[in-house]
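Colleague: Same order as they appear, the protein sequences are chains P and V. My numbering puts the first residue of the first sequence at 1, with every later residue one more than the last. My numbering puts the first residue of the second sequence at 1, with every later residue one more than the last.
What the hints contain is simulated information worked out from the structure, not anything from laboratory work. Treat each hint with caution, since some may be false.
Claimed, not checked - Which residues of chain V face chain P? A partial, calculated answer using Cβ under 8 Å: (1) P12; (2) C16; (3) G57; (4) T144; (5) S148; (6) P161; (7) Q228; (8) T239.
All values reported here derive from a predicted model rather than from experimental measurement. For glycine and all other residues, C-beta sits at the position ideal for the given N, C-alpha and C.
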Amino acid sequence: MMLLEIEIQPAARLPDREGARVQALCQALGGTSIAVVRAARSFLIEGDLTPAAIDQIATGFLADTVVETCEVRVLHGAGAASIAAATAPTSQPLLNVLYKPGVTDNVADSVRRELIERGHAVKAVRTCQKYWFNADATEADLKRAATKVLANDAIQQVVWGTLELETLSLGSDYDFRLVSVALGAMGDDRLQQLSRQGQLYLNLAEMQTIQRHFASLGRDPTDVELETIAQTWSEHCSHKTLRGRVKYSDGQQEIQFENLLKETVFAATAEIHRRLGADDWCVSVFQDNAGVVTFDAAQHVCMKVETHNHPSALEPYGGANTGLGGVIRDPMGTGLGAKPICNTDVFCFAPPDLPFERLPAGVLHPRVIAKGVVSGVRDYGNRMGIPTVNGAIFFDERYLGNPLVYCGNVAMLPVGMEKKQVSPGELIVAVGGRTGRDGIHGATFSSAELTHESENLSGGAVQIGNAITEKMVEDVLLQARDLGLYTAITDCGAGGFSSAVGEMGAETGAEVWLDKAPLKYSGLSYTEIWISEAQERMVLAVPPARWDEFEQLCRSEGVEATAIGRFTDTRQLVLNYQGTEVGRLSMEFLHDGRPPVVRDAVYQAPPVRELVLPHRTRYNDDLVKILGSLNVCSKEWVIRQYDHEVQGGSVVKPLVGLANDGPSDAAVVRPDLKSQRGLVVSNGMNPRYGDLDPYWMAASAIDEAVRNGVAVGADPDRIAILDNFCWGNTDRPETLGSLVRAALGCRDVAIAYGTPFISGKDSLNNEFSHVDQQGQKQTVAIPPSLLISALGQIDDVRRAITMDLKEAGNLLFLVGVTRDELGGSHYALVNGLDGGTAPIVDLELAPILFRAVHLAIDAGLVRSCHDLSEGGLAVALAEMCFAGGLGAEVSLQALKADSGLDDDAVLLFSESNTRFLVEVPVAAGSEFQELLDGLLVTPLGTVVASETLVVLGNDGQTAVIESSWARLKQAWQQPLDWS
Amino acid sequence: MPTPRVLVLRAPGTNCDFETAFAFDSCGARSERMHLFRLLEQPARLDEFQILCIPGGFSYGDDVGAGAIFGGQLEYRLGDALHRFLISDRLVLGICNGFQVLMRAGILPDGPENWPRRAATLPGATLTWNDNGRYTAKWVRMRTAGSSSVFLKGIDDIYLPMAHGEGKIAIRDEQVLARWHDRRQIALQYLPEDNPNGSIADIAGLCDPSGRVLGLMPHPERHIFSTQHPHWTRNRPTTDEGAGLKLFRNAVEYFG
């Protein structure tokens, strides 16, 4: 057995892009002494190989010899002298970056399988990235490069200098030993200690409940029983805070909620259902893995949006990668399985220009986080062949230690496939990825050196996904679904088998054979198998009569399917390992035994401070600053890395206009290429308003999501919405109070708009603590961050429109009411102004206005339409001009009369909700105005074939903005142009 | 109308198979999406088809290099069946990852001439990382370059989306380019200002000397409807059809 390394570098005449990328990143993060970086990738291969075979592997498979050179050296075993081309000793520091043992290494797995298939005697493969630095780089800079740029300690290890390794083998046998926990004898202190140290994260009342339960059974629980209960009762799985009892007061009212979500967000859906009666178009809401609504006679559509915040803070690539992979499995596990058709993503980061010195210990730089997160989403979505069509990025310093990563998926479910039903006797079948120590809480990250033969495999909370495995699972499951080979399906997400089997068998009972689960490597205990959160796994109920056919179908496409138990009629969850019972829990106790969580929530409105506007006569600079602010500026660098057209359904793309670079309001996608019916995907979010009033922040987020959809042609009577609450620690009554206030806003606005909530998710505890330079503990909570995702529909995609100006001579109208609403605005932000109030929503007027605008678009009267959001009218105008390559001549005089406001700053930059800027051909002008009769439609001016945007102030004479749109575009494109 | 049978061959990670089969079927072909593993079990099934298409995606995750493993499977395990296919009067189309697979397998650029590949020959050209080092998705304008490609008959210029990380044509030496010129193998070229990846001579697609095998990086199957064109809301289309459909129709009509 030999161990060799095949090292591959760019050919001498070609640029070393990876080296240049790393060098630039090191420089950007303050590593000024790092002047030169040279990079190579290498493969470590253990096996019995002849020199001819090694040459064939190196030059015929691993290296692309047109553009790369390779070098082979034997690290251990016979044959070293005959093949090894000794590397010339060099004074340049060499850094090797390898995945820690046990962390998924997709490329290595593919190489090993392919080499074995080609008949090579290969036992193990690992990949390694190698970097050489200039000899005079300082030690401090090198260390920082190693730990902050090149390797992430959560999943990777670094080795300086030449690799000295003997073997790649890992894992060891597991000796079965049943572990029980002597709960009965524990006092309260011990119970709390156990909860903390065992990472069960249960409160005392919950621990006492468990203690009493087992006392009544006359025995102690086993470790796996405790883990199962802890997972099922966790905030993540049971959402006990938002589904719990909350006592809320805000000085004007006191509300006692028995179930906060049920009485706010769900209540809106229930009220809409009551109003629509038989015309209700919701199919399945808040019960399955994703919300389902009707689409056409043949198909329903479903959507789910999840967050993956903490994993992304630790390891941005893997966290975002598995975040998207996880949310795609939700629709795949909805009903009998839906087919994913598009993804969405919304990120919240700290500003990327943060000086390195201000970075607290243990925090990755926001630029590293942003790049890692984008790459992670890119690689999962693109590989799955699911277009990423809509998203947003928000920046705020409070996301520094706790970035937010929201990922969403939309999928199609055939009519009649919306229900699942488990029957006793059916097999519990695991499909897809193997089970490893990935994502097991408390698993210690391995600090093993490369020479180490440790059995401490790495894993922990951070994982790397394998999109191809998930794609293969999707391919076979959709076939199996249509053949009727299974009766129920769910995804293995948080909580792994424990959560998936526990939920599926809740009404029946289940018996699990843990030793049957296929493992990535040996050495896992029965508890680890049960609670592992390894990726790309689904759990199905397969009737025994269909098992052979199902298994054969999976095998025919290289997908592993294993029966790991069967559903019973005992309402007991029974866990066996090698014939020994290791756990037995009643489903009733597991699902209904948790004592209710009771929380206090207090909201106190912050004192209203007047927003004092500076006096100006010209607003060019303000407009340039807002266009160049991080939240408003172009996200093209991100968008261009996503495939947004795979599957062929693209109708309105994320970037639109003459040069394909204007900011689209929403995406339009055709899920069925034989039909012209389309889906409209959009989102709304503005954490800045939450600092002023969470109620109106929620209202504004819903309004923004809906108006974005309506702007491209969505029917406002067919928009479903989803909530994602990301908040700080809700144990604090005032934090929970702001969440309750946002939830009340959600309820009121959803009812008024007729937009049912169909699914949602919450992520609480988004806070980051660190010790500052003065030795003080600092805790930073994120701003209240409510994302509203909207799933709209359009009867005929050929009537969709985009936001870019189309033709000189056309009329421009502002639709909607402009108020003096600059609190939390971007005008205030770029001028460093505080105070003011958040924009409100007119609950009566808004739905009428949405319908009227939709009728006008549907009638073909509108050539372009853009929603007004951050930066108000001025930003919308600028964006429409530069996207369309046309100028505009506009006056605020009529708007002064219509709004009763006479401050140009307010007219230009107010962020009042429910407003659109609309381009209408002259010939359609009167019909348009008639259609919107009684609503506020203000004529602003015309589209002109010029290079300039001119806005006259409310006096109708003075140009308050006069700028070439090319300059505005440049300001908008520059900040995040990281290419 | 001719109704050739099309094999849309998918492997683990292929993801453009549905819309590619749809494009062929829209032109009257009868396509079948078949998994590579099934073809490996019965290589003779290849004989049932007139057109072989390897669609886009990330076969085997692009692990090792785009198309490397799928290409190796064709070369090592389907050599004879593919030889029969290539020397008869049939068509092969590789789109994006499919082009990468055909290059890695050695089916392009020279078609049946050099198939199965002689062990000692090293490839003269490859598809490697874009100059910007990133996966990039955008629309690109291209013109045809007077090749003998069956697929591009009657097409002078075309606007299609590209979406790839490894789409830059690189060559071992200048003779390779001269040979392609002489043998009319340069099928598609980006307009120089639209070259998205630094490909040599702005090459977006290559065909074999017979014109029956074509590989291209951009996606014709993503422009078979007028509403897929990025500017369709600017210039309201008069037809529902997109420019990419012509490639598929040409292939189908070849058998008419």
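Colleague: Holds or violated: Q228 (chain V) as interface residue toward chain P, Cβ cutoff 8 Å?
Modeller: holds (6 Å)
Colleague: Is the interface hint for P161 (chain V) satisfied, with its Cβ closer than 8 Å to some Cβ of chain P?
Modeller: Holds. Min distance 5 Å.
Colleague: Hey, does the T239 (chain V) contact hint survive, CB to chain P under 8 Å?
Modeller: Violated - the Cβ of T239 (chain V) stays beyond 8 Å from chain P, reaching only about 11 Å at its closest.
Colleague: For the hint on P12 (chain V), just tell me whether its beta-carbon gets within less than 8 Å of chain P.
Modeller: holds (5 Å)
Colleague: Min Cβ distance, G57 (chain V) to chain P: is it shorter than 8 Å?
Modeller: Cβ of G57 (chain V) sits 6 Å from chain P, so the hint holds.
Colleague: Would the stated hint for T144 (chain V) survive a check requiring a Cβ distance to chain P of less than 8 Å?
Modeller: With a minimum Cβ separation of about 22 Å from chain P (threshold 8 Å), the hint on T144 (chain V) is violated.
Colleague: Quick check on the hint: S148 (chain V) CB to chain P CB, less than 8 Å?
Modeller: violated (24 Å)
Colleague: Report holds or violated for the interface hint on C16 (chain V), using the least CB-CB distance to chain P and a cut-off of 8 Å.
Modeller: holds (6 Å)
Hint check: violations occur at hints 4, 5, 8; the rest are consistent with the structure.
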